[in-house]
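First to last, the protein sequences are chains A and B.
Using my numbering, the first residue of the first sequence is number 1, and each one after it goes up by one.
Using my numbering, the first residue of the second sequence is number 1001, and each one after it goes up by one.
Mixed in with the good hints, there may be bad ones.
Stated by the list, open to error - Pairs of lysine-lysine, DSBU-like flavour, derived with a Cα cap of 30 Å:
1) K1156(B) with K1139(B)
2) K1142(B) with K18(A)
3) K1114(B) with K1139(B)
4) K1139(B) with K18(A)
5) K1156(B) with K18(A)
6) K1156(B) with K1142(B)
To be verified - Quick partial rundown of chain B residues pointing at chain A, CB under 8 Å, derived from the structure:
7) H1087
8) R1088
9) A1295
Claimed, not checked - The following residues of chain A were derived to be distant from chain B, with all beta-carbon distances above 12 Å:
10) T3
11) L14
12) G32
13) M61
14) W78
15) S104
16) P112
17) I147
18) V160
19) E225
20) L226
21) R252
22) W261
Treat the hints as calculated values from the structure; they're not laboratory data.
Since we're looking at a predicted model, the values are computed, not measured.
Heads up, the beta-carbon is just placed ideally off N, CA and C, and yes, glycines get one too.
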Amino acid sequence: MQTRAIFIAAYRELSARKLFWLALGTTLLVVGLFASLGINEDGVSWFGWTGDSPFFNSSVMSPETFYKLLFANFGIDWWLGLLATILALVTTCGIVPDLVAPGSVDLLLAKPISRARLFLTKYATGLLFAAVQVSAFTTATFFVIGIRGGAWEWSLFLAVPIVTVTYSFLFSICALVGMITRSSLAALIITLMAWAAISTVAMGESLTRHGLLANTMDIAACTEELANTDEPPDEDRKEELEARSETLREQRDTWLSVHGWFYGFYLCLPKTGETLDALNRVIVDANAFGNEDGPRPRGVFAPRIADRREYRTAVETDDASRSMAWIVGTSLIFEAIILAIATRLFVRRDY
Amino acid sequence: MDPALAISLEEVRKTYGRRVKALLGVDLHVRAGEIFGLLGPNGAGKSTLVKVMLTIVRADAAKGTLLGRPLGDLETLGSIGYLPEHHRLPPYLSGRQVIEFSGAMSKVPRRARKARAHELLDRVGMASWGDRPLATYSKGMKQRVGLAAALVNDPKLVVLDEPTDGVDPVGRKEFRDLIVQLRGEGRTVMLNSHLLAEVEMVCARVAIMVQGRVAAQGTIDELTASSRRYEIVIEGGPPAWCDAHTRVEALAPGSLASSGIAGAGTRLSFLGIDAAAAQPILDKLRVEGRTIVGAQSVRESLEDLFMRAVTDPTTGLILKPGAVS
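Just chain A, same shape as in the assembly:
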């Protein structure tokens, strides 16, 4: 009864905020933009106008894949993963500071509800906003892909729990800062800064991992070529390869050390970007592009000796090797720790 009452009040609070309706309206506008785009044999069409393209046309990818790609790359990565998340944080950053505001918290603490339950329920109401926005976006996109792309793709609805969970990683930071500072603005700014820091560490981990992979493949290629240069003897090439192999082995230690540090930090942090990437992998079939190479991997450090195509495949495999359970599980551990600290603060504080 109490949980239901808190959720109903939270819904009323959200619906009373102009920003909620603005975000919802913008969400539907974005989906409308998706719907207005089309793909035909010449290229991409928009309200009857077609932009010719040799890369984006229905012979390269089906309309279904086109819309799924739009949903994954623009809808999830840019809209839900960035812009809508910022809007959601702006809208919900005041939930915890409002909860602990003098005159407000007294009314709730004087009720027969445990403090921990009260705090965690209020926290959950913050996720309601993200869930409503993602649900609206996904449902509208589901119909766009169904009607325009001809495929009724139920897996799109995986976006609702996954994007909400991704948002919850950030919202836990927002809740903790709001609890400590009692300021909506501080909660928002520090959460955005933390998000930027998390993204930087994630990028660092990804780059160094790809660098290490390139280094490993170069060493292997070097070793293999060295083995093949013995017969017939090619002393110059052999010396060059030996010198390069030596350098690569020295660099390997640096790669291992730097990646180890990044990985250590990254392991402890929420994996917001990687969670959304994993969602993309579930929604978009890499083989549906009409291009057997699949999407471009994000490897920056291309190998100098090893085959680049093999490297791209290895990067792709490496990126996909982390299971959704590992990505979400380690992130949820972070969230649980942050929430436990925030809850403890709420439970032990005098108001």
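Given chain A, work out where chain B should sit, using these hints.
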């Protein structure tokens, strides 16, 4: 555990941080079914004491019961109605929604809280405003809705912290009448207010807190008994016997006399006696042919009592407001 006590607190102590001693061992007893006034200057510890009772603040040490259950018992809070000072009701909800939300948080079944909300809106004079958002309410209206929200769970104990803050004089009268009605319904009301006249009008018993301690506690009659006196105003100067303690003692046993100027005449004051005990004195004055201009029983007002409680008896200075550091 005395079942006749709605609130029984003993040795309640609270220190904020390491230095601010808000409560220094407070003992407080409120009888079931009475209206009890908690008084004190700003920072005396009244709000902290109420918050300790309601688990909003954690005491360093506290013994006692609320409605017969140990202090801190969560379920007891379901039988308490609380209107905090400077409350912040959700502005996006209507008055009716605020009352229903308060009821749901107190575990009042849906149908019952809807019926109670309807009834209480009417009772606090907000029936026509019930469905408008709180953002459009005046402060007095918010107080009314806050009071209704505090009553939605049909509480046995109602704790009101400055309930008439921001309410106009007509509204204050209505609030007082409502508080008296609550007592009539068998509820215990704890009233925390700075308005001494208001407290005096409705409270059976009071406690005065000063610097984290209860300086006085009891019925207003009990607390002012020591100041009870009989005053007689006569024409001319004071009679000679008035200065002789043995002669006054013979007329009115246990009385202490003093005199002072009252306009063109004299005011004779006999401490510790009532009208009946003063009759021999009046008879003697008449026998002496003195003109009696006026005669009345006098006792301290609650304000006098309050000022006495907050005054340092050794220096005669008002004690510093705030908690002890």
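Each hint, compared with the structure:
At most 30 Å may separate the alpha-carbon atoms for a hinted pair to count; K1156(B) and K1139(B) meet this at roughly 26 Å. Straight-line distance between C-alpha atoms of K1142(B) and K18(A) comes to about 24 Å, which keeps the hinted pair within the 30 Å bound. Of the supplied pair hints, the one linking K1114(B) and K1139(B) holds, its CA atoms being roughly 24 Å apart against a limit of 30 Å. For the given pair, K1139(B) sits about 25 Å from K18(A) by alpha-carbon distance, which is consistent with the 30 Å threshold.
A threshold of 30 Å between alpha carbons decides the hint, and for K1156(B) with K18(A) the separation of about 41 Å lies outside it, so the pair is violated. A hinted pair counts as satisfied when its Cα atoms are at most 30 Å apart, and K1156(B) with K1142(B) qualifies at roughly 23 Å. Interface restraint check for H1087(B): the shortest CB-CB distance to chain A comes to about 5 Å, inside 8 Å, so the restraint holds. With 8 Å as the threshold, the beta carbon of R1088(B) comes within range of chain A, its nearest partner Cβ sitting at about 4 Å, so the hint holds.
Among the interface hints, the one on A1295(B) is violated; its C-beta lies about 51 Å from the nearest C-beta in chain A, farther than the 8 Å criterion. Distance check for T3(A) against chain B: the nearest CB is about 10 Å away, which does not clear 12 Å, and the non-interface claim fails. For L14(A), the non-interface assignment is contradicted: its Cβ lies about 9 Å from the closest Cβ of chain B, within the 12 Å cut-off. The non-interface label for G32(A) is consistent with chain B: the shortest C-beta to C-beta separation is roughly 29 Å, beyond 12 Å.
The Cβ of M61(A) sits about 47 Å from the closest Cβ of chain B, beyond the 12 Å cut-off, so the non-interface label holds. Every CB of chain B is more than 12 Å from the CB of W78(A) (nearest about 31 Å), matching its label as outside the interface. The claim that S104(A) is not at the interface with chain B is violated, since a C-beta of that chain comes within 12 Å of its own (minimum 4 Å). Not every Cβ of chain B is farther than 12 Å from the Cβ of P112(A); the closest lies at roughly 4 Å, contradicting the non-interface assignment.
For I147(A), the condition that its CB be more than 12 Å from all CB atoms of chain B holds, with the nearest at approximately 37 Å. With a least CB separation of 26 Å from chain B, V160(A) remains clear of the 12 Å interface cut-off, as annotated. Separation of E225(A) from chain B is adequate, the least Cβ-Cβ distance of about 71 Å exceeding the 12 Å criterion. Distance check for L226(A) against chain B: the nearest CB is about 71 Å away, which clears 12 Å, and the non-interface claim stands.
With 12 Å as the threshold on Cβ separation, the claim that R252(A) sits away from chain B holds: the shortest Cβ distance comes to roughly 55 Å. Under the 12 Å C-beta cut-off, the non-interface status given to W261(A) relative to chain B holds; the minimum distance is some 40 Å.
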